[in-house]
Amino acid sequence: MLKSDSRPGARCWLISIALGLAVAAHAATPEFEIEIRNHLFEPDVLVIPAHTKVKLIVFNRDPTPEEFESFELNREKVIMGGSKAIIFIGPLPPGEYPFFGEFNPATALGRIVVQDDGDAG
Amino acid sequence: MNRYLAIGMLLVPAAACADGIVVDRIYDPYVEALETEIELRSILQYDDELGDAQKYSFGVGHALSDRWALEFYAIGTRFDNEHLSINAYELEAKWQLTEQGEFAFDWGVVFEIERGIDTQIWEVTSRLLASRDFGRWTGIANLGLVYEWGSGVEDEIETELRAQARYRLSESLQPAFEFHLGQDTLALGPVLTGLYRLSPGRKLRWEAGVFLGMDDESPDRTLKLNVEYEF
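Just so you know, the sequences run in chain order Z and R. Numbering-wise (this note's numbering), the first sequence opens with residue 1 and increments by one. Numbering-wise (this note's numbering), the second sequence opens with residue 1 and increments by one.
Rather than coming from a laboratory, the hints here were simulated on the basis of the structure. All values reported here derive from a predicted model rather than from experimental measurement. Accuracy of the hints is not assured; some may be wrong.
Chain R residues, not near chain Z, derived (Cβ > 12 Å throughout) [stated by the list, open to error]: (1) Val31; (2) Ala33; (3) Gly51; (4) Ser57; (5) Ala63; (6) Ser65; (7) Glu82; (8) Ala93; (9) Thr98; (10) Glu99; (11) Thr138; (12) Trp149; (13) Leu181; (14) Asp184; (15) Gly201.
Quick list of in silico lysine-lysine cross-link-like pairs, DSS-like style, CA-CA up to 30 Å [unchecked claim]: (16) Lys55(Z) - Lys203(R); (17) Lys84(Z) - Lys55(Z); (18) Lys84(Z) - Lys203(R); (19) Lys84(Z) - Lys53(Z).
Backbone N, C-alpha and C fix where the C-beta goes; we use that ideal spot for every residue, glycine too.
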């Protein structure tokens, strides 16, 4: 059993390890970008690796808000006009996952294509 | 048997003060920026010994940002054949703590303050919300800490646990199974939930569930019906 005066050192080590793991986990998350321009997603097809969590940064270049929505991805996120939002996706098995803009569903359409490592571009 | 019936009758007013109805909505930890919602929630409880109880909540809510949402409720609760009227008001604040999918679990908190109109009873509740996807399944847990005080009731602290496992079959129909544990209630049952899109930015969410009491103290049967219009 640790003496009480030895615990602060042990705590520091544990906190350092935990923080290090958290930073490493974030550093390893691949990032992808999509833009919303004239109520269209650009690109409208995004290829990401299978079984990997990815960080999707969505820039809304329009002056009006848009909502990134996908039942298949289980994501809903409003992006204000002229701003950006971060959406975490996955890990997902290979397949196609459509998404759309809730406020402009006729034009703002896209899909995430999840491919095994080596196939993803 | 009559003794139990008498005790049950005595417990009904106590349950009324404490609200007494544990089965309720299960919250996900997410806030949708810009969203306004109108909600009608009904909880119908049936028990041969405790008697019947019904709780209706009419709520109007709005997201203040992508992290905070406020909702105001007018609540009417009646027991057996009492006249139904609004007997409490509630203000609820939801705080999304983490980005969806960023960590192993998504986290949020709901704070509620409720005041009885005629009873001068106050109730504050904090609920920790957690959610995680497992493929097409989504698991949600709500752990609540309730503090109640006011005239005619003893100050008390209660805990509640609600959990849901939902299968995302389709947007319009998602079967789920729920568990509700709280004061004098342990209830389990199936739930159906879904969403209809009325027009861009306008949605109707619905939820219906039937719960069976798992012990002698729990109400025999409880129905939950919830409709939300989001715009």
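Does tryptophan 149(R) really sit off the interface, with its C-beta more than 12 Å from all C-beta atoms of chain Z?
The assertion about tryptophan 149(R) holds, with a minimum of 38 Å to chain Z.
Just to be careful, I want the Cα atoms of lysine 84(Z) and lysine 203(R) compared with a cutoff of 30 Å; is the pair within it?
Measuring from Cα to Cα gives roughly 24 Å; hence the hint holds.
Classify the label on glutamate 82(R) as holds or violated, using whether its beta-carbon is more than 12 Å from each beta-carbon of chain Z.
Given a closest Cβ separation of 40 Å, the condition holds.
Threonine 98(R) clear of chain Z by more than 12 Å, beta carbon to beta carbon?
Given a closest Cβ separation of 10 Å, the condition is violated.
Quick check for students: does the CB of alanine 93(R) sit more than 12 Å from each CB in chain Z?
19 Å, holds
Status of valine 31(R), Cβ more than 12 Å from any chain Z Cβ:
10 Å, violated
Given as non-interface: serine 65(R), partner chain Z, CB spacing beyond 12 Å:
Contrary to the label, serine 65(R) does not stay out of reach of chain Z, its closest Cβ about 10 Å off (not over 12 Å).
The output says threonine 138(R) does not contact chain Z. Does that hold with a beta carbon cutoff of 12 Å?
7 Å, violated
Sort out whether lysine 203(R) lies within 30 Å of lysine 55(Z), counting only the CA atoms.
Since the Cα atoms of lysine 55(Z) and lysine 203(R) sit roughly 27 Å apart, the hinted pair holds (cutoff 30 Å).
For serine 57(R), is the shortest CB-to-CB distance to chain Z above 12 Å, so the non-interface label stands?
24 Å, holds
Against chain Z, does glutamate 99(R) hold up as non-interface, every C-beta pair farther apart than 12 Å?
6 Å, violated
Chain Z versus leucine 181(R) - minimum CB to CB distance exceeding 12 Å, so not interface:
Consistent with the label, leucine 181(R) stays out of reach of chain Z, its closest Cβ about 26 Å off (over 12 Å).
The structure fails hints 1, 2, 5, 6, 9, 10, 11 and 15 (numbered hints given earlier, in ascending order).
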